[in-house]
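Enquirer: Each chain, letter by letter, is given below.
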Amino acid sequence: MSLLQIERLDMEIHGTAILRNVSLSVAPGQIVGVIGESGSGKSMTALSVMQLLPDGAQCRGEVSLSGHDMLTLPERALCRLRGNEVGMVFQEPMTALNPIKRIGDQVAETILIHENVSRAEAMARAREALDRCELPADQFPLTRYPFELSGGQRQRVVIAMAIALRPQLLIADEPTTALDVTTQAEILTLLKRLVEEDGMGLMLITHDLAVVADMADEIVIMRQGEVVEAGPAAQVLAERKHPYTRALFEASGHQPERADTGTGAPLLRVENAVREYATRRKGVWGKPGVFRAVKSVSFQIERGESLGLVGESGCGKSTLTRAILGLEDVQGGRIEMDGEPVFTGQRPNRDIRRRMQVVFQDPYGSFNPRWKVARLVAEPFHLLDGRPADWREQVAKVLDDVGIGADAMERYVHEFSGGQRQRIAIARALILRPELVVLDEAVSALDVSIRAQILDLLAALQKDYGLAYLFISHDLSVVRNVTDRVMVMQAGEIVEEGPTAQVFDAPVHPYTKRLIAAAPVLPEFATQD
Amino acid sequence: MLRYLLRRLLSLVVSLVVASMVIFAMVEVVPGDPAAYMLGLNAQADTLAALREELGLNGSLVARYFDWVGGMVQGDFGTSYTYRTPVAGMVADRVAISLPLALYALALSTAIAFPAGIWAAARRGRAADVTVMGVTQLGVAIPNFWFAMLMVLVFAINLRWFNAGGFAGWDEGFFAAMKSLTLPAIALALPQASILARVMRSSLLDTLNEDFIRTARAKGLTRGQALRRHALGNALIPVLTILGMQFAFLLAGGIIIENVFYLPGLGRLVFQAISARDLIVVESVVMLLVFAVIVVNFVVDLAYAAVDPRLRARL
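Protein chains in written order, with my numbering: chain A, 1 to 529; chain B, 1 to 315.
Treat the hints as calculated values from the structure; they're not laboratory data. Take these hints with a grain of salt, some might be off.
Ranges between beta-carbon positions, derived for each pair [stated by the list, open to error]:
no.: 1; chain 1: B; residue 1: Ala127; chain 2: A; residue 2: Thr182; range: 49 to 57 Å
no.: 2; chain 1: A; residue 1: Trp391; chain 2: B; residue 2: Asn209; range: 38 to 46 Å
no.: 3; chain 1: A; residue 1: Ser313; chain 2: B; residue 2: Val299; range: 45 to 53 Å
no.: 4; chain 1: A; residue 1: Arg411; chain 2: B; residue 2: Thr241; range: 38 to 46 Å
no.: 5; chain 1: A; residue 1: Ser417; chain 2: B; residue 2: Val135; range: 54 to 62 Å
no.: 6; chain 1: A; residue 1: Ala278; chain 2: B; residue 2: Arg312; range: 20 to 28 Å
no.: 7; chain 1: A; residue 1: Arg119; chain 2: B; residue 2: Met133; range: 51 to 59 Å
Owing to the predicted nature of the structure, the values given are computational and were not obtained by experimental measurement. Glycine is no exception: its CB is placed at the ideal position from the N, C-alpha and C atoms.
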């Protein structure tokens, strides 16, 4: 018998249909991967099981969890089930924990809420749960606060909270999306081990096919609130009956057509660049310490080439990017474009800045919401000595080039989707016809199908505009598909550099090896058509 | 921790020094010679000079500033020009009314605002929320002196539960004294409570949208439990800020309410002293209020650290 049985579930919020006729089941000890892009309804399906839906949500159909009909149970009974029979882990570990409570208290709370035990016993069991999640007592005493832990460690605390009472079902909603690849691999291994040890069912929700391909027994593919394909993992991965499943696979491993545009002529030179920050003073009269975020990094970018920079959070890649853009000065070494320093005196070198633009990760946060698109795209003109007379024509042209169309000029960014906004951000970067564009996690926040379109666009623009790209990402598969050369950064240093294919196929440095091993991959038979 | 305390204390002292200079300078530039004012229009030049000498108005600016500050540090606030009694004693009598009144009002304000704000946030968009928001809107809008007069009409004149004004004195016993402060405290507290309830509500609503509330609910906590155990502590920080500001206002800003209820508090003292050009009293009271505000801010800073472990770690 199934542990979780969802039958013909319809859900609407204030009359808008969110889920349509969703059916899926999870058996004890089984891992079911639910895959879909944003808006596919995968998280809402999970929240329907928990009955933690937003206000105004109405469910029809059947959701049965070990015999309990979740759609008809009163709230009081649901509270007894949540945390006890079913636990849940969320995407964003940085905000999932109460910042002002100790981790021990937060884990013990799950136990105290459901069982009539003493505080001491609850704390002892919280300790046990944290141990099981590989947070040993000597390094992670119960008295730690969340802010003292890294993202991966916090996610372990959230998992410990969810499994403290050994629930029969664990729902993990994008549990590793916000984490680095090596941390992701560790968390996935942990989840797998817990499933095996406790025989619990796991509903693993993700947008990343490769993550589930590695560990799911069953796969459910969702799109726009409906299940489009479901079945045993190996079968779904091999057969891909539904066109959407095929499209999703294609997009996940998408390789844009790229012309070889490298010229061999150096454009940007970074020579022994050092970036330092002052750290907190120690004691009352102590001196501030120095943290070296970038330690003597050297490389160069050629005109027209795509150079990848990969590394995990905290490795110094963002700091290096800011120095390259001339937003901050270096404390040692030189960064030059065509022999001119990018930073002069107290500010970026304007002559250089206009030849170098950037696209950031977040398509929502990187625009002023009160400006119209025309003004947003025209903003870099302030780097010139005045806005050219034909600036509106230029904006229209570049919006056409990125596939948005000139009629977007009088609209505001909130009218556009994430993918469209990223196109507008690219238009803004291209308006001055730069020679180098820094793409700082520029496709990381996008769904795979949108990401594939943007990567195609970037490849086409590179050819038309003769651009060099510095492609910064934590996503190894994307970097592999779109760059000529790649650099691997760890703890402020570039530990390996070389032609992309060579670095990925025959990594030399142990850290590169670890990164590549940790990155989830689609099985061979699934990527070949 | 020690570093944080020392830094806060240092900034406290610096603020006090700067404030004392500003107050001294302002009183100096205000037109009106206290001696001339005391002696009236027909004063003889030599009498005036003698009085100026006696009042200590003749020395250099710097010397007089240090005299003033030095005196205050030793508890000597000088002698009132008009009443010819030590300012320290006068101020102490008034503080004995104004400080309890401010604390009383603050306690009332908190006692009303916290439950009201929490209640409204927990029932967002429902009748309770609409009611609290409506009532607090009125509470913010209605001038407190008008409300004070209304209360006098109802509770003192019609029902005769309270005296219409005046202060019984602490000699009459704690309850008699507190009773005569009750109506003024309510009048002072209501607008403050309205503001505080609204801040509490919006801060709680923000916190209830946080991811960790969802995590708490997924653990099996009810809405109410999640609110009490996880949202409340986190929502407290903006509330503390407002609370600190309100205390300062209540201490100094009771002037109108003190007039309505004939309470001989600090506000009335300042008001009378300004009309009588009794500059030494004005200086002293203002300095005292500044001192109170700075100390309250210091306490609020410490309260932040008590609430938020992230802040403690950075101390």
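Enquirer: So, for every hint listed, does it hold in this structure?
Expert: Evaluation of the provided hints:
1. For Ala127 of chain B and Thr182 of chain A, the Cβ-Cβ distance of about 53 Å falls inside the hinted range of 49 to 57 Å, so the restraint holds.
2. Checking the proposed 38 to 46 Å range against Trp391 of chain A and Asn209 of chain B shows it holds: the Cβ atoms sit about 41 Å from each other.
3. Restraint check, Ser313 of chain A to Val299 of chain B: a C-beta distance of roughly 38 Å breaks the suggested window 45 to 53 Å.
4. A C-beta distance of roughly 39 Å is found between Arg411 of chain A and Thr241 of chain B, which places it inside the suggested range of 38 to 46 Å.
5. Remark: the range hint 54 to 62 Å for Ser417 of chain A to Val135 of chain B is contradicted by a beta-carbon distance near 43 Å.
6. Restraint check, Ala278 of chain A to Arg312 of chain B: a C-beta distance of roughly 22 Å satisfies the suggested window 20 to 28 Å.
7. Our hint of 51 to 59 Å for Arg119 of chain A and Met133 of chain B is violated, since their Cβ atoms are close to 39 Å apart.
When the structure is compared with the earlier hints, violations turn up for hints 3, 5 and 7 and for no others.
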